[in-house]
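Residues per chain, in single letters:
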Amino acid sequence: MMDNGFSSPRHDPFPAGLRVLVVDDDLTWLKILEKMLKKCSYEVTTCGLAIDALHLLRERKDRYDIVISDVNMPDMDGFKLLEHVGLEMDLPVIMMSVDGETSQVMKGVQHGACDYLLKPIRMKELRNIWQHVLRKKIHEVRDIEILEGMESIQMTRNGLDQSSDGHLLCGEDLTSVKKRKEAENKHDDKDPGDSSSTKKARVVWSVDLHQKFVKAVNQIGFDKVGPKKILDLMNVPWLTRENVASHLQKYRLYLSRLQKENDTKTSVGGGKHSDSPSRDSAGSFGIQNSINIQRNDISNGSYGFSGNSLIVRNVEPRSQENERKGIVSKTAVEPKRALAVEVPDPCKPKSSEMEFGHSFTSPASEVNFAEFGSNFPTKFSWCAIPQSQLKQEQNPLHLDAGFSQRTRPGKQQHIQVDYPQPSPPIISGSSVTERNMDGSVKIKPIYDECRNNGSQVSSARSTMDSYQVQTKTYEVNHQAYEPISTNTSSLKNQAAFNLSSISDLESAQKSINWAMSPLATLDDDFQVRWVQGDCYAMNLGLQNIEFPEYFDGGLLADVPTHLYENLYDSTECSVIEQGLFIA
Amino acid sequence: MERNQLHRQVALSRQPLFDQGFLDEQFLQLEELQDEANPNFVEEVVTLYYRDSARLILNIEQALERNPLDFNKLDILMHQFKGSSSSIGAKKVKAECTLFREYCRAGNGEGCIRTFQQLKKEYTTLKKKLESYFQLARQVGPAETACRPK
Chain A
1 MMDNGFSSPR HDPFPAGLRV LVVDDDLTWL KILEKMLKKC SYEVTTCGLA
51 IDALHLLRER KDRYDIVISD VNMPDMDGFK LLEHVGLEMD LPVIMMSVDG
101 ETSQVMKGVQ HGACDYLLKP IRMKELRNIW QHVLRKKIHE VRDIEILEGM
151 ESIQMTRNGL DQSSDGHLLC GEDLTSVKKR KEAENKHDDK DPGDSSSTKK
201 ARVVWSVDLH QKFVKAVNQI GFDKVGPKKI LDLMNVPWLT RENVASHLQK
251 YRLYLSRLQK ENDTKTSVGG GKHSDSPSRD SAGSFGIQNS INIQRNDISN
301 GSYGFSGNSL IVRNVEPRSQ ENERKGIVSK TAVEPKRALA VEVPDPCKPK
351 SSEMEFGHSF TSPASEVNFA EFGSNFPTKF SWCAIPQSQL KQEQNPLHLD
401 AGFSQRTRPG KQQHIQVDYP QPSPPIISGS SVTERNMDGS VKIKPIYDEC
451 RNNGSQVSSA RSTMDSYQVQ TKTYEVNHQA YEPISTNTSS LKNQAAFNLS
501 SISDLESAQK SINWAMSPLA TLDDDFQVRW VQGDCYAMNL GLQNIEFPEY
551 FDGGLLADVP THLYENLYDS TECSVIEQGL FIA
Chain B
1 MERNQLHRQV ALSRQPLFDQ GFLDEQFLQL EELQDEANPN FVEEVVTLYY
51 RDSARLILNI EQALERNPLD FNKLDILMHQ FKGSSSSIGA KKVKAECTLF
101 REYCRAGNGE GCIRTFQQLK KEYTTLKKKL ESYFQLARQV GPAETACRPK
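Residue numbers (the working numbering), protein chains in the order written: chain A, 1 to 583; chain B, 1 to 150.
These are calculated hints, taken from the structure and not from any lab test.
All C-beta atoms in this analysis are idealised placements derived from N, C-alpha and C, irrespective of residue type, glycine included.
Check each hint, because a few of them may be wrong.
As the list claims (entries may be wrong) - Listed below are the simulated SDA-like cross-link pairs for lysine to any residue, each with C-alpha atoms no more than 25 angstroms apart in a straight line:
#, chain 1, residue 1, chain 2, residue 2
1, B, Lys73, A, Ser103
2, A, Lys124, B, Phe18
3, A, Lys137, A, Pro74
As the list claims (entries may be wrong) - Partner residues aside, some chain A positions facing chain B, computed with beta carbon under 8 angstroms:
#, residue
4, Thr28
5, Trp29
6, Lys61
7, Leu117
8, Pro227
Please work from the sequences and hints to get the whole structure.
Right, here's the structure in full:
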């Protein structure tokens with residue numbers, strides 16, 4: 001399942017054999033760079049003119065993995081080349097210059113350079129460039145997923161338009177949302193370093209915007225399309241050419257991938273649905289809608305896009321210890337995998353050590369969440385954590401999802417869960433690790449933090465607590481709860497959960513695609529006890545989408561009250577209105 | 001034994017270039033790149049630099065004769081020249097480039113011309129010093145590196 005991100009039949013182990021195109025009008029540097037790259041065991045092609053480079057790339061863009069280009073070239077500005085390469089070939093481009101002026105570097109980054117090297121360039125810098133190739137591969141998968149998610153929302157919209165059913169708006173839900181909101185705000189106050197406020201503004205490609213974009217592309221004709229033309233046609237004043245260019249790039253990529261994956265596209269449109277109670281009651285709910293929940297990891301800036309059903313996203317609570325952060329940011333390598341889960345029943349948490357099992361009535365839908373073990377099974381390598389980042393004794397926590405799963409060729413992960421599950425493990429330690437994943441499509445999801453100093457118990461909440469989908473006519477409020485785990489040993493562990501959920505309208509059922517990628521590490525002696533009642537059960541048979549929480553009073557006593565409070569925190573996301581992703 | 005001594009002598013003759021600030025560590029980088037596949041790599045690069053940059057020097061000279069001076073163009077040309085000079089670690093030349101560009105931005109034509117004269121001086125001085133160094137290195141170096149690169 002896991003490869004190096006390359007499909008080309010090269011025999012050298014990655015990154016040896018990385019195919020690099022170097023463009024520089026300075027012959028001396030060209031010679032030096034060639035030598036350096038060769039010493040790195042890379043395949044080097046040199047080019048003295050930007051025009052020539054462009055020709056080379058147009059001829060055979062699949063011959064290169066990465067382009068290194070000088071900024072100042074007489075025949076063509078390096079930024080221009082960068083733009084062309086970005087749009088036409090979608091290859092990672094590294095810019096280089098003797099000039100480290102911020103404005104220049106900024107320009108490079110804005111034009112899509114993945115790196116900006118200053119001359120004199122050192123060999124160690126070049127040795128490291130493979131990472132951009134890998135990163136690009138990973139992001140490509142994400143981008144495609146995002147676009148696929150957009151499609152599903154569009155389908156949703158159509159569905160909504162066609163549907164004459166009233167869409168339920170549950171007043172109670174609204175108030176609870178309000179409450180949660182307040183709780184959030186409270187938390188925000190406590191957290192002056194709220195990353196949402198520092199996050200840089202990005203373009204949110206809402207459905208409408210994307211539709212405009214697609215319309216413009218179609219109008220121009222896909223072959224003749226260019227960012228400028230699209231921009232003119234779209235007529236959106238605040239949009240820049242770069243925004244469009246970047247989006248076009250992704251869109252192209254998406255279309256090409258789409259072709260390849262036609263047959264495997266099961267996640268959108270809800271291939272599988274369980275015979276769950278809610279199916280019967282779906283009509284009464286009026287829940288015929290699609291919810292696309294995107295989790296946006298704010299604290300991890302590198303994940304600029306929030307996901308959709310297909311996305312594996314790491315949600316990193318801000319309040320984690322440093323080590324956790326280190327881990328989460330390293331989780332980029334996640335081959336994805338498909339899971340289809342049917343969970344018709346409220347979960348019945350078992351009390352067990354090292355394992356949290358849910359049993360479901362449907363035979364095909366046994367979900368075994370959160371097995372705490374030493375190593376990830378290979379098939380779950382998508383949630384592998386580079387262990388070097390962790391403390392020695394820490395072992396990864398896995399989510400052993402015993403879902404009925406299908407592995408998609410595309411290495412994408414899809415988890416379809418008809419009902420939100422209590423999310424797995426929670427971690428506790430001598431230091432509090434508390435995690436809140438907000439299932440939100442908000443650009444700035446709100447994480448609340450809970451810091452509990454000196455307590456042995458910490459709760460991590462990784463939930464789509466409540467999301468609110470607002471379309472023209474309906475809102476859904478939905479809550480999923482996750483279990484709290486109490487932990488008897490003192491341990492340090494880290495976990496990050498990815499959740500993304502989607503509920504599919506098309507099938508006229510509520511289905512939630514739920515992707516989770518847990519990343520957690522525990523000490524060997526970590527014991528997690530899931531106590532009955534400790535987990536919030538979801539009452540799936542209820543007549544609305546709200547899932548009540550079941551608390552065992554005795555259990556709760558174990559949990560410090562301030563933690564408990566936080567359990568009700570929620571984040572909302574108004575998916576459709578807020579847009580799909582950020583470009 | 002004798003060869004070792006000669007090698008030491010070569011190394012010694014190179015050292016002042018660093019001590020006096022003519023070269024920076026980039027030159028050492030180039031030396032590290034030299035291997036069996038390219039036994040004369042450093043000299044090849046330096047030769048290439050001087051051949052290639054002569055063209056730039058000429059361009060800058062011509063641009064400096066213009067009236068009024070096109071500082072923007074001068075800046076671009078000097079940027080190129082600086083980039084090139086960074087390839088062999090020509091420290092003093094680079095410093096003059098930086099100064100030149102500062103004058104460009106300040107619109108100080110006189111400063112530009114003065115700096116350019118100094119730059120050419122440093123450029124030529126370094127060339128001579130490197131030539132004699134390579135000459136010595138060739139005499140001393142192993143047989144297979146004794147031939148001058150094209």
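Okay, the hints, checked on the actual structure:
This hinted pair checks out: lysine 73(B) and serine 103(A) have alpha carbons roughly 18 angstroms apart, not beyond 25 angstroms. Restraint check for lysine 124(A) and phenylalanine 18(B): satisfied, since their Cα atoms lie roughly 22 angstroms apart, inside the 25 angstroms limit. Proximity of lysine 137(A) to proline 74(A) is assessed by CA-CA distance (about 32 angstroms); at most 25 angstroms being required, the pair is judged violated. Proximity of threonine 28(A) to chain B holds as hinted, the smallest CB-CB distance being about 4 angstroms (cut-off 8 angstroms).
A least Cβ separation of about 5 angstroms between tryptophan 29(A) and chain B falls short of the 8 angstroms threshold, and the interface hint therefore holds. Among the interface hints, the one on lysine 61(A) is violated; its C-beta lies about 27 angstroms from the nearest C-beta in chain B, farther than the 8 angstroms criterion. A cut of 8 angstroms between beta carbons decides the hint on leucine 117(A): the least distance to chain B is about 12 angstroms, and the hint is violated. The interface hint given for proline 227(A) is violated, since its Cβ lies 26 angstroms from the closest Cβ of chain B, which is over the 8 angstroms cut-off.
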